[in-house]
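S.K.: Below, each chain spelled out in residue letters.
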Amino acid sequence: MTAPAPEATPARVIRMANVAKTYGRNGANVAALRGIDLAIREGEFVAIMGRSGSGKSTLLHIIGLIDTEYEGSYWLDGRLVSGRTAEELATLRNRTIGFVFQTFLLLPQMTILENAELPALYARDRSPQECRAIARARLEEMGLGHRLDHKPGELSIGQRQRAAIARALVNRPRVLLADEPTGALDSRTADEILDIFARLHRDGATIVMVTHDPDVAAAAERIIHVRDGQTSDGLV
Amino acid sequence: MARRATDWFRLLLRFAFAGLAGRRGRSGLTILGMAIGTASVVGVVSIGLLGREYVVSLIEGVGSNLVFTYAHSRSVDPEWIDFDDVGAFRRIPGVRDLAPVLIDSQVMSVRGQAQPVDVLGTTPAYARVRNMVLVAGRFVTDQEESSGEKVAVLSQDLAQLLAGTTGVGGWIRLYDLRFRVVGVYKEGVESAAAVQKSEAAGVTAIVPLSTLRSLSQRRAVDVVYMQARTPDAVAGVVRGVTEVLRTRHRDVNNFEVQSLDQYLVLARKVSDTLTLVLIAIAAISLLVGGIGIMNIMLITVTERTRDIGIRLALGAHRRDILMQFLLEAGILSFAGGVVGIAIGAGVPLYLGAIYHVEVPVSSLSVLIAFLVSVAVGVFFGLYPARRAAAMNIVDALGYE
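Keeping their order, the protein sequence lines are chains A and B.
Residue numbering for the first sequence follows our numbering, starting at 1 and increasing by one per position.
Residue numbering for the second sequence follows our numbering, starting at 1 and increasing by one per position.
Worth flagging that the hints you see were computed from the coordinates, not collected in a lab.
The beta carbon of each residue, even a glycine, is placed where N, CA and C say it ideally should be.
Among the hints, a few may not be true.
Among the chain A residues that face chain B by a calculated CB cut under 8 Å, a handful are [as the list claims (entries may be wrong)]:
# : residue
1 : Ile-66
2 : Asp-67
3 : Phe-99
4 : Leu-118
5 : Arg-124
Produce the complete structure using the sequences and hints provided.
M.R.: Encoded structure:
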């Protein structure tokens, strides 16, 4: 089941070899990624930087197991994940990956507590009461203990992004993936979110953040540049 | 593991209800569409059963477990059923009661007018075998039969003609003799029309068989009615009567032996076929309801594309999404089934209570209509649910 990764050490949470992706069929093919080699160690705070259309988001989707149509090899947490079934990937995504999106992507009709417990509920290994307790704890850590029963629409955008971070952390994922997490925020709120990432990083979290903004990328300890679907500094 | 499975189911049920709660009006209308389909099926079965019961009661009203025999008069040298034949019928196992009937006609004078009257000579068993209902007085007794007394029981039609001149306790004149009127009867149901004209219908007087026999000097009877002990014994009695007639009349095939079974079988077959046709028509509305569910679920899945994408990104399995939407469709059709049964069974029962009619509601049809409507919902929910589950996550999240 687990193929050994070349140069794989336990410290490398993410390892990619020659990953390529092409969009479109019937002739008009656009290469989004061309032979990406990537390694991210446990506990790293990495920013993937590139211009719009550089392929950085596609790379994040592949890392996050929501885009599975690509060529090349990808090891997540030491396990080869390219070519696995949708069911296996759903379980891995649920337990290993935490997503933070630019537009938060909270379910608007649910309270943030209900939103935050979703990954725990879909994991199906805890009772609904336990799931709720964990979700509450994460939201409290994000300073939202007094807003549990509010729907996203009733919160400030900063609170919404913090709720989304709480949701991403509910299952204690191996990697926190953030796609332009400050893209929809004003600079003061953006700093607030980056502070949270810095704090999580200090506590040992592995964070991969996609951004086009050099100021945001500066918050990370390492920057990987993606240009025209290629990167020269993906390996450590 | 079983507990985890029920937990899982409960969780998805919760998501499904939450999804439906977000669009109450639309869900209500979809349920209504499904309810109309289910109600039509249940209602149509009730109507079919009601019609069937009515026709069957008309036929059975002629007499329960009835077997009757008569001779055709069309042959050149006809044989008749004589009194020895009747004695032989009596010994056939399975015959509970037997009533030979002599039919004669007389002209009575009613208020100076000549009035033709059918005179039936029969035994007291006739009233039981043919389900006669006494309107007034009593029927002919065994004692009057054995001593050949001149008593008469009038049909309701005749009693009405004679009203004012004579009645129960009075006298009528037949064969130039005075007959004492002891009762007035009517037929249990106006049923014979369902089979053929009844000899007891119309302007008729019933007198003891022995009385008419001596007055008319007849040696043969016109028709013999027999009541079998049980419905199962009917066929045996028919065979027995046929056998008696064949042996005693040297295989002359001049007789008709009938039971109501053939009419009952025919009537049931006709009404069952009719009911099936009606169910097929009602099933179309069930189908339309199912398409309504599919339509609404397709819209829902499209509207909730991002919702589905988020759930998948958070680690929901495709089967979680499939089940959630299948459950939503199932809840709609389940609710439609419940409402439909309430309407389809409630309205007939309510109308029955108002008009004092026993309305049959088949619990089997209720069960089947319910199961079919749920199955229809799940079937039509399958396609939208599969579409939801097969969604491309990146596209669903709203990326280009």
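S.K.: Would you mind marking each hint as holding or not holding in the structure?
M.R.: Consistency of the hints with the structure:
no.	hint	in the structure
1	Ile-66	holds, 4 Å
2	Asp-67	holds, 5 Å
3	Phe-99	holds, 5 Å
4	Leu-118	holds, 5 Å
5	Arg-124	holds, 6 Å
Violated hints: none; the structure is consistent with every hint.
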